[in-house]
Amino acid sequence: MAIALVLQVSILTALFFTTRRTMQKLEKTVTDLNARAGPILTRVQILLDDTQPRISTMVSDAAHIVYLARGQAQKMDRVFTDAADRFRGQLLHIDRILTGTMEAVEDAGAQFKQSFWKPVQKASALVHGIKIGLDLLRARRVGTHSGNQEPSPEQEEELFI
1 MAIALVLQVS ILTALFFTTR RTMQKLEKTV TDLNARAGPI LTRVQILLDD
51 TQPRISTMVS DAAHIVYLAR GQAQKMDRVF TDAADRFRGQ LLHIDRILTG
101 TMEAVEDAGA QFKQSFWKPV QKASALVHGI KIGLDLLRAR RVGTHSGNQE
151 PSPEQEEELF I
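1 is the number of the first residue of the sequence shown in the working numbering; add one for each residue after it.
Since the hints were made in silico from the structure, they are not lab data.
All C-beta atoms in this analysis are idealised placements derived from N, C-alpha and C, irrespective of residue type, glycine included.
Treat the hints with care, since some could be wrong.
Said to hold, decoys possible - Computed spacing ranges between beta-carbons, pair by pair:
no., residue 1, residue 2, range
1, L98, K75, 31 to 39 angstroms
2, A104, V66, 50 to 58 angstroms
3, T51, M76, 34 to 42 angstroms
Let's have the full structure, built from the sequences with the hints guiding it.
The structure is reproduced here in structure tokens:
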């Protein structure tokens with residue numbers, strides 16, 4: 001038992017010294033890391049302290065720019081809507097004017113047709129009637145010479161046209 005106890009004490013002593021050495025190395029590494037990271041963290045903190053007001057100002061300016069842009073977009077929308085409404089009104093006005101003009105031209109055409117073509121048609125009918133009458137007279141003269149005094153059915157039909 002004495003040997004086992006001595007063996008256990010020696011293993012525990014070896015573990016103690018190994019753990020102590022590892023703790024010293026770890027402490028030295030943490031101290032080195034703290035010594036190196038400390039200035040970096042200090043610089044980052046100074047940089048953040050220095051740039052925070054600038055970043056806040058930039059965010060505020062961006063919000064103001066968005067507000068102004070929204071206002072200008074709303075103004076442009078009102079202007080374009082108003083211009084479109086006016087343009088639509090002008091188109092309706094032009095449409096009414098053109099419709100009235102077309103109706104006037106159509107009425108003038110109908111009046112021209114009625115006042116010009118009716119007499120021309122009557123004159124044409126009169127000329128046609130005179131022609132048929134002359135043809136009938138010629139046919140009777142030719143018929144008296146040939147002995148046939150009645151007009152042909154074609155001539156009678158032309159009289160009624």
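Inset, instruction - Kindly indicate which numbered hints from before are broken by the structure, ordering the numbers from low to high. - result: Every hint satisfied by this model.
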